[in-house]
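*Asks:* Each chain, written out:
2 protein chains.
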Amino acid sequence: MSSTKRKFTDSNDDGQQTIHLETVRAPTNIACIKYWGKASIPLNTPINSSNSITLDSSDLCAITTASASHKFTKDRLWLNGIEVPDASQSKRFRACVDETRRLASDRKDPLTGEITVTKDEWTTLHVHVSSYNTFPTAAGLASSAAGYAALVAALAHLFCAEETFPGELSTIARQGSGSACRSMYGGFVAWRMGGERDDAKDSLAEQVADEGHWPEIRALILVVSDEKKDTSSTTGMSTSVATSDYLAHRAKVIVPERVKICEKAFLERDFEAFGKVTMRDSNQFHSTCLDTYPPIFYMNDISKSVISIVHVYNDWAGEIRAAYTFDAGPNAVLYTLEKYSVELGALMIRFYPSVVGKKYVSNDVFAAEVAKFELDAGLVKVAEKTGRIPTVNDVKYMYFTRSGPGPVKLGPEMANIDSKTGLNTYIPS
Amino acid sequence: MSSTKRKFTDSNDDGQQTIHLETVRAPTNIACIKYWGKASIPLNTPINSSNSITLDSSDLCAITTASASHKFTKDRLWLNGIEVPDASQSKRFRACVDETRRLASDRKDPLTGEITVTKDEWTTLHVHVSSYNTFPTAAGLASSAAGYAALVAALAHLFCAEETFPGELSTIARQGSGSACRSMYGGFVAWRMGGERDDAKDSLAEQVADEGHWPEIRALILVVSDEKKDTSSTTGMSTSVATSDYLAHRAKVIVPERVKICEKAFLERDFEAFGKVTMRDSNQFHSTCLDTYPPIFYMNDISKSVISIVHVYNDWAGEIRAAYTFDAGPNAVLYTLEKYSVELGALMIRFYPSVVGKKYVSNDVFAAEVAKFELDAGLVKVAEKTGRIPTVNDVKYMYFTRSGPGPVKLGPEMANIDSKTGLNTYIPS
Chain A
1 MSSTKRKFTD SNDDGQQTIH LETVRAPTNI ACIKYWGKAS IPLNTPINSS
51 NSITLDSSDL CAITTASASH KFTKDRLWLN GIEVPDASQS KRFRACVDET
101 RRLASDRKDP LTGEITVTKD EWTTLHVHVS SYNTFPTAAG LASSAAGYAA
151 LVAALAHLFC AEETFPGELS TIARQGSGSA CRSMYGGFVA WRMGGERDDA
201 KDSLAEQVAD EGHWPEIRAL ILVVSDEKKD TSSTTGMSTS VATSDYLAHR
251 AKVIVPERVK ICEKAFLERD FEAFGKVTMR DSNQFHSTCL DTYPPIFYMN
301 DISKSVISIV HVYNDWAGEI RAAYTFDAGP NAVLYTLEKY SVELGALMIR
351 FYPSVVGKKY VSNDVFAAEV AKFELDAGLV KVAEKTGRIP TVNDVKYMYF
401 TRSGPGPVKL GPEMANIDSK TGLNTYIPS
Chain B
1 MSSTKRKFTD SNDDGQQTIH LETVRAPTNI ACIKYWGKAS IPLNTPINSS
51 NSITLDSSDL CAITTASASH KFTKDRLWLN GIEVPDASQS KRFRACVDET
101 RRLASDRKDP LTGEITVTKD EWTTLHVHVS SYNTFPTAAG LASSAAGYAA
151 LVAALAHLFC AEETFPGELS TIARQGSGSA CRSMYGGFVA WRMGGERDDA
201 KDSLAEQVAD EGHWPEIRAL ILVVSDEKKD TSSTTGMSTS VATSDYLAHR
251 AKVIVPERVK ICEKAFLERD FEAFGKVTMR DSNQFHSTCL DTYPPIFYMN
301 DISKSVISIV HVYNDWAGEI RAAYTFDAGP NAVLYTLEKY SVELGALMIR
351 FYPSVVGKKY VSNDVFAAEV AKFELDAGLV KVAEKTGRIP TVNDVKYMYF
401 TRSGPGPVKL GPEMANIDSK TGLNTYIPS
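Quick mapping for you: the protein sequence lines, in order, are chains A and B. Each residue of the first sequence is one higher than the last, beginning at 1 in the numbering used here. Each residue of the second sequence is one higher than the last, beginning at 1 in the numbering used here.
Because the hints were derived from the structure by calculation, they are not lab data. Hints are supplied without guarantee of correctness; some may be wrong.
In this list, chains with the same sequence are indistinguishable; a pair is considered to hold if it fits within one copy or across any two.
[Claimed, not checked] Listed below are the simulated BS3-like cross-link pairs for lysine-lysine, each with C-alpha atoms no more than 27 Å apart in a straight line:
no., residue 1, residue 2
1, Lys91, Lys385
2, Lys359, Lys420
3, Lys385, Lys396
4, Lys252, Lys201
5, Lys252, Lys108
6, Lys260, Lys420
7, Lys252, Lys38
8, Lys108, Lys396
9, Lys396, Lys264
10, Lys420, Lys201
11, Lys71, Lys264
12, Lys276, Lys38
13, Lys372, Lys264
14, Lys358, Lys91
15, Lys74, Lys358
16, Lys276, Lys119
17, Lys359, Lys108
18, Lys409, Lys264
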């Protein structure tokens, strides 16, 4: 047993008070081939495989500190600075902590190499976790994907967890939030649905290609105004599975083909093929929501106007230069290539203008390029024909980003748990 | 040959100048199980059967006069008072005239019984047709269904056409506009897709039950504001057939079952079953439009708010009291039962109010009952929770109607072609 190698000083009174902590930054991901429908609710497995692009976590991310100490009396969780009551009873949080701990190994002092917590000792320590997003949680930008990926990654670093097979940590993140498994990898990712194993360990994420493979990919995210309350993804999915006559056909017949097309497009850097299958699959996902009873609407008239303008733009260009995709909300994610990103940005700002003087685009350099870009008059004319009337505040904010890596370990200076008290230090601005 | 029985005076100079005319009023119909997708474009046959309810033509109708005379030098058509240039070359108009004429028989003087036009003589006479709708053509209320049903019915009366099998005239109306075949019958109707015969004579309408079978059925039609230009049904269908991965599955697997459910509900006067399958099929039709590439949107945010309120209303009632259905546009048709119609009307007017003082509801008696109806406060509260904010002009007008008969022959005083000149007399108001 590894406990025999245990450092003596760590078990004395002082050692008992040590707070072990690790901080990570984890990315969001936006699906191109959508996940919609659970095969097993307890295992949180999907009825179809899916594909996504992991976004650059320097633009949008969850930052999570996981800590453990003998002096903690229970597991605690803070989200965006607020403690979640009874978090330790939450099934999802519980699964992430317990499953990651099952992969624990000895924790060693990085300087001396001496063991500070033995593999077997972890079960006797409670954890404190603090997590926050660098973007609005309510904005529908896959905050739970980033959040659960960050949780599992932070716990994995804390527990010095070792995967017994590639992707095992993604199977744990999956139990927090399905799409979180894809945020465990950077670049171009697949979530294999699995279904062959009773323990669902074959329902995991795989990297199709890393973020360096297709560096020209850009994403412009339009945060669309929406006063209505959304149907949660979990509720929506279960209603769709129960009532949509289309969904089973989609999962069984249509998606397997689309996953092949999407991954081939990733590997061949074929934006035309990627864009088309991405748009079609977004539409089919929302189509399935509409085929649900009662129907679920995630897109609104603003979302639909974005779709119209993107189609007009591509028709005008004679090629696919932009591809929209919408998750369970009205926000548009527009994938494009670096060479068209300024044109696309200018087109969007022309039709979805900001209140004058307001910070509107996440990236200042991009915003400046967009501001000075002269749109083709013919393009503006055909876009106007869609009936879209430029209106301020229909889009609240635009993020401009690219593909990025999976979860990244940060230094102790980025921790949002106090290493002395074990309490949250993050205060929302 | 029947010409031997010919009345002498009808072939002299005066007789040559006779204008034979017939006028009919034909109803619209609103599908419960939708038609979307053509199996054959030349034959205008569908990829699936459909069901509809024929609406009372005293509320919404097309009125068409068909006339024929030796003095007419070409076939002419007036729509809503305006002559259609080169109408005689129009494929759809041509099909209706030529196919109905093929079923012609001797025309006899109603008083004397003497033959005024022989069966074989019809091909030597040109026709003048004038047709108008009693409701806005552009409002998306199945004006073409009423229009082509009225055309074929008026021509059939004019030519004294005799069907060689039941539904033959509906096969002709089908060639004008697919859904027009269903307007050839009153009450509760099916359009059998056919597909066994090369001449498509098996793609025809059948009456499932007449309008007297379920007299409690009511329809409240909300004419919804929409600034955007629609995709025409014909274009939309062909794009859906070409690109939607869902549509073939719908036509082949889902619709046959739904037609059975719908017709059983008609026959058993089962509003719960009828309402549910009607709402689901409307949603699936619009779902299919969204699965089309590029996607087609017929409903807008106002339409969607109506859907939400109808679901809330039914949930509140603990039974289905109203069922929405939407055709290729944003207008809502709400089916209900007589006993709930005032409550439903009051609920709709509460959330889609009219400009004060404007005539807003087609039926004055109904409008008065609605105005004095006191909505349950609990119902208003749950409907408010949908997020719908009452806004004038979101709905422009409400029609209140019921199920009615098929095309009805009108007296000569209702003709909109002058019996002396053979020219249109209808002037739009």
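*Asks:* Given identical chains, is Lys252 near Lys108, meaning Cα to Cα at most 27 Å, within a copy, between copies, both, or neither?
*Replies:* Classified as neither: same-chain Cα gap 47 Å, cross-chain 63 Å, threshold 27 Å.
*Asks:* Can you give me the call for Lys358 and Lys91, within, between, both or neither, at a CA distance of at most 27 Å?
*Replies:* neither (41 Å within a copy, 57 Å between copies)
*Asks:* How would you classify Lys252 and Lys38 at a CA-CA limit of 27 Å: within, between, both, or neither?
*Replies:* both (13 Å within a copy, 26 Å between copies)
*Asks:* Could you place Lys276 and Lys119 in one of the four classes (within, between, both, neither) given a Cα distance threshold of 27 Å?
*Replies:* Cα proximity of Lys276 and Lys119: none, with 49 Å in one copy and 58 Å across.
*Asks:* Quick one: Lys74 to Lys358, C-alpha cut-off 27 Å, is that within a copy, between copies, both, or neither?
*Replies:* Answer is neither; intra-copy 44 Å and inter-copy 66 Å both fail.
*Asks:* With identical chains treated as interchangeable, where does the CA-CA distance between Lys359 and Lys420 reach 27 Å or less: within a copy, between copies, both, or neither?
*Replies:* Neither, since 38 Å and 73 Å both go past 27 Å.
*Asks:* My question is about Lys409 and Lys264: at a cut-off of 27 Å on alpha-carbon distance, are they close within one copy, between copies, both, or neither?
*Replies:* For Lys409 and Lys264, the Cα distance exceeds 27 Å both inside one copy (31 Å) and across copies (63 Å).
*Asks:* Cα distance capped at 27 Å. Does Lys385 pair with Lys396 within a copy, between copies, both, or neither?
*Replies:* both (23 Å within a copy, 24 Å between copies)
*Asks:* Can you tell me if Lys396 and Lys264 fall within 27 Å by alpha carbon in one copy, between copies, both or neither?
*Replies:* Neither way: Lys396 and Lys264 sit 35 Å apart in one copy and 50 Å across, limit 27 Å.
*Asks:* Between copies, within a copy, both or neither: which fits Lys276 and Lys38 at Cα up to 27 Å?
*Replies:* For Lys276 and Lys38, the Cα distance is within 27 Å both inside one copy (25 Å) and across copies (25 Å).
*Asks:* I want to check one pair: Lys71 and Lys264. Are their C-alpha atoms no more than 27 Å apart within a copy, between two copies, both, or neither?
*Replies:* Classified as neither; 51 Å inside a copy, 69 Å across copies.
*Asks:* Pop the pair Lys252 and Lys201 into one bin, within, between, both or neither, using alpha-carbon distances up to 27 Å.
*Replies:* within (20 Å within a copy, 37 Å between copies)
Of the numbered hints given earlier, the model fails hints 1, 2, 5, 6, 8, 9, 10, 11, 13, 14, 15, 16, 17, 18; all others are met.
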